[in-house]
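Okay, here's what each chain looks like letter by letter:
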Amino acid sequence: MRRAFFAILKRDLAVAGRAGGGGELALVFFLTLVVLVPFALGPDLNLLSRIGPAILWLGALLSVLIGLDRLFQSDEEDGSLDLIRASALPLELAVLAKGLAHWLTTGLPLALVSPLLGLLVALPGEGVLPLVATLLVGTPALSFIGAGGAALAASLRRGGLIVPVLVAPLTVPVLIFGVSAANAAVGGTVPFLTPFLILCAISLGAIVVGTVAAAAALRSAD
Amino acid sequence: MIFEGLSFTLQSGEAIALTGRNGAGKSSLIAMLCGRLRPDGGSIRLEGAEDEADLAEMSHLVGHRDGLKTALTARENLAFAQDVLGNAAATPDEALAVVGLGHAAELPAGYLSAGQRRRVALARLLVSRRPYWLLDEPLSALDTASQAMVAGLMRDHLAQGGAILAATHGPLGIEGAREVRIGP
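Respectively, the protein sequence lines represent chains E and W.
Letter by letter, the first sequence follows residues 634 to 855 in the numbering used here.
Letter by letter, the second sequence follows residues 193 to 376 in the numbering used here.
Honestly, I wouldn't trust all of these hints.
Here are the computed lysine to any residue pairs in the SDA-like style, where the Cα-Cα straight-line distance is at most 25 Å [what the hints assert, rightly or not]:
| id | chain 1 | residue 1 | chain 2 | residue 2 |
| --- | --- | --- | --- | --- |
| 1 | E | K643 | W | Y303 |
| 2 | E | K643 | W | T283 |
| 3 | E | K643 | W | L334 |
| 4 | E | K643 | W | L304 |
| 5 | E | K643 | W | E249 |
| 6 | E | K643 | W | G302 |
| 7 | E | K643 | W | R257 |
| 8 | E | K643 | E | V746 |
| 9 | E | K643 | W | R321 |
| 10 | E | K643 | E | P757 |
| 11 | E | K643 | W | D335 |
| 12 | E | K643 | W | A280 |
| 13 | E | K643 | W | E329 |
| 14 | E | K643 | W | N279 |
| 15 | E | K643 | E | D711 |
| 16 | E | K643 | W | E298 |
| 17 | E | K643 | W | E286 |
| 18 | E | K643 | W | G278 |
| 19 | E | K643 | W | A263 |
| 20 | E | K643 | E | E759 |
| 21 | E | K643 | W | D285 |
| 22 | E | K643 | E | L745 |
| 23 | E | K643 | W | A271 |
| 24 | E | K643 | E | L749 |
| 25 | E | K643 | E | P763 |
| 26 | E | K643 | E | L733 |
| 27 | E | K643 | W | A297 |
| 28 | E | K643 | E | L691 |
| 29 | E | K643 | W | G294 |
| 30 | E | K643 | E | S707 |
| 31 | E | K643 | E | V761 |
| 32 | E | K643 | E | L658 |
| 33 | E | K643 | W | G205 |
| 34 | E | K643 | W | A281 |
| 35 | E | K643 | E | A848 |
| 36 | E | K643 | W | T262 |
| 37 | E | K643 | E | A801 |
| 38 | E | K643 | E | L808 |
| 39 | E | K643 | W | A282 |
If you're looking for bench data, these hints aren't it; they were derived computationally from the structure.
Pulled out of the complex, with its shape left as it was, chain W reads as follows (with noise of 0.2 Å):
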């Protein structure tokens, strides 16, 4: 058993902080949220899918691994995650330039920095539109600078209706993010 007697709900517009210690299923719940895992019990609904399915195809997830292969550039990463995950937003150069590596997008992913690969990750979240994005931990790894971007990001997207449910041990830099804790 890793969590038990847990229930909220996220709606569109909104910000969920979830917390909680080392361990406490955080991350668990993010893998049942966007349908990798499957709960023991209970239910995850979401509003105007047809089953538990749809969970991951409506949701971007951004884990602890960056989903990057080092041998591809930043842009070619970026089209891959465009071409998989459907739904086109901005291109991947567009979306460099917002996360501050317009600069990078010829460079083999293995070349760039952790807190560089950790913002080419969170680009993806660009380059296609899904409304349920599903951060573990997104401001790892990156400087103040970059930690503001990522704040900016998730207040745009809030702002066009959708939402955030993000694992975190700090502030998330949003204005009324709510915060869900699990364990103690």
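Extracted from the complex, chain E is given alone in its bound form (with noise of 0.2 Å):
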């Protein structure tokens, strides 16, 4: 069984490595996102400054939605879901096992840029680890929490513009303590650690539930 689910882990990262796609797409999309954002507001650096770490939570929001409708469409597409499901692994596992794949290829990489992408923000120093941490915690839920509208979409030839609509309300509260724990960090009325653990519950019940609700929805496609 543990074969198996790192068989789908391997797969789906050498297949997003080669074919590119979802995750090199969202790292262009953060990108041109964060760039548009001091154009439209001018240059006022005290109050880029301020909304900096909104900016970026939202940019990297928007990045991780963008190619979720993928994460079980192309394997629907190309009967490899066939496969997963004639598998031993329980679906739930093959599930996770996707979600972290594409967490590993979207949310990690956004992550990891978001100190450089602060520099156009004119984010304080003393916020650039605080945003990279609470974005390294908070993006598995945005993986997981997509799961959940990928799967019900898998089936859909046009799904595409579906799973943002159905994801993103879902997704407020994960924004809502992200942006307030790296607001936090430059000087928020409440204490970091506060919104943060927060922050690392919501994600740890939407790889829970996420992966169940997907694992379901997969089931009933049918």
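Both chains are given apart, each in its own frame, so use the hints to dock them into the complex.
Given below as structure tokens:
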């Protein structure tokens, strides 16, 4: 069973590395969004610095959402989802492997490039590491909440926009506590750890609930 | 309602050619047999299995879609199938050699022709040992030589005590295959 789990993880990482698409597109979209915001707001560094964490979190959220529709759809289209269904590996663990691969190729790179993009929004130096930490623990929640929506849309041929529309409202708590924790580190009214630990709890909950929900959606898709 | 009143048994060492017009429900029946669809009525019993969930774990399904990732090589696709399905039998390289694609092991599946991709999908039957082969038009996109090769694979599987149910519009090339027709 462990072999099947790691086979799915390894395959999805290999496909993402060779075919590109989701992860790279998310990274470029993140970069584009964050670069455009200062042009829209003007050269007010205080304003940019104040809303910088929110811009970066919103950018990361949207970047994760745009590629989510392919999470199960590509497997459904080429028939490899039938192969996974025929495995002795419970579908929940297969979804966990795919969600983990999605995070490793999308959420993790976004978190790692965020310090660089923080420069563009005049993020104070003391806020960089906390921001990276919030993105590191918060983006798994986005991947796994998204997995539920992606599983629902797996068999839809033109389900591209449905997934972000379905998933975005469910990610509001992640956004609130992610931005709150990142702001707290640069002089907010609450201590950093309070919203950060809630964000960790949301992520852990999302991994469990998202995995079970996505597996149930895939089972009922037929 | 897709079909009703259908009843048959499939014994070890036996092959059934499932025939019927387009849309008669051949693919739906195969989806039911491998546990992907649940029938509204009736039952599917598998000797030695506790419930219908085991159908999927004891069956190989080669459907209309090849189940290959175009970015991965033929060998990587088969290695993935072996790891996911378990019960390892032939190695990916051995299986590819059997279907005449030993030279294409390093090629991404996206570079292969439709017939070659079909042969890689059929090579999946060899990398993992499962007693029931559920094949949906296994000979489609194959040339005459490849069709004979697949017929040979099916005969070998039957000789080893396996069972085959194949939806087809033409002869399977296996002597003694019983025909079950769906619809008029």
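Here's how the hints hold up against the structure:
no., hint, result
1, E/K643 with W/Y303, "holds, 21 Å"
2, E/K643 with W/T283, "holds, 19 Å"
3, E/K643 with W/L334, "violated, 31 Å"
4, E/K643 with W/L304, "holds, 22 Å"
5, E/K643 with W/E249, "holds, 22 Å"
6, E/K643 with W/G302, "holds, 19 Å"
7, E/K643 with W/R257, "holds, 22 Å"
8, E/K643 with E/V746, "holds, 23 Å"
9, E/K643 with W/R321, "holds, 23 Å"
10, E/K643 with E/P757, "violated, 38 Å"
11, E/K643 with W/D335, "violated, 34 Å"
12, E/K643 with W/A280, "holds, 18 Å"
13, E/K643 with W/E329, "violated, 31 Å"
14, E/K643 with W/N279, "holds, 19 Å"
15, E/K643 with E/D711, "holds, 18 Å"
16, E/K643 with W/E298, "holds, 18 Å"
17, E/K643 with W/E286, "holds, 22 Å"
18, E/K643 with W/G278, "holds, 16 Å"
19, E/K643 with W/A263, "holds, 13 Å"
20, E/K643 with E/E759, "violated, 36 Å"
21, E/K643 with W/D285, "holds, 19 Å"
22, E/K643 with E/L745, "holds, 21 Å"
23, E/K643 with W/A271, "holds, 11 Å"
24, E/K643 with E/L749, "violated, 29 Å"
25, E/K643 with E/P763, "violated, 30 Å"
26, E/K643 with E/L733, "holds, 10 Å"
27, E/K643 with W/A297, "holds, 19 Å"
28, E/K643 with E/L691, "violated, 29 Å"
29, E/K643 with W/G294, "holds, 24 Å"
30, E/K643 with E/S707, "holds, 16 Å"
31, E/K643 with E/V761, "violated, 31 Å"
32, E/K643 with E/L658, "holds, 20 Å"
33, E/K643 with W/G205, "violated, 36 Å"
34, E/K643 with W/A281, "holds, 21 Å"
35, E/K643 with E/A848, "holds, 20 Å"
36, E/K643 with W/T262, "holds, 15 Å"
37, E/K643 with E/A801, "violated, 28 Å"
38, E/K643 with E/L808, "violated, 30 Å"
39, E/K643 with W/A282, "holds, 21 Å"
Of the hints listed earlier, those the structure fails to meet are numbers 3, 10, 11, 13, 20, 24, 25, 28, 31, 33, 37, 38, in rising order.
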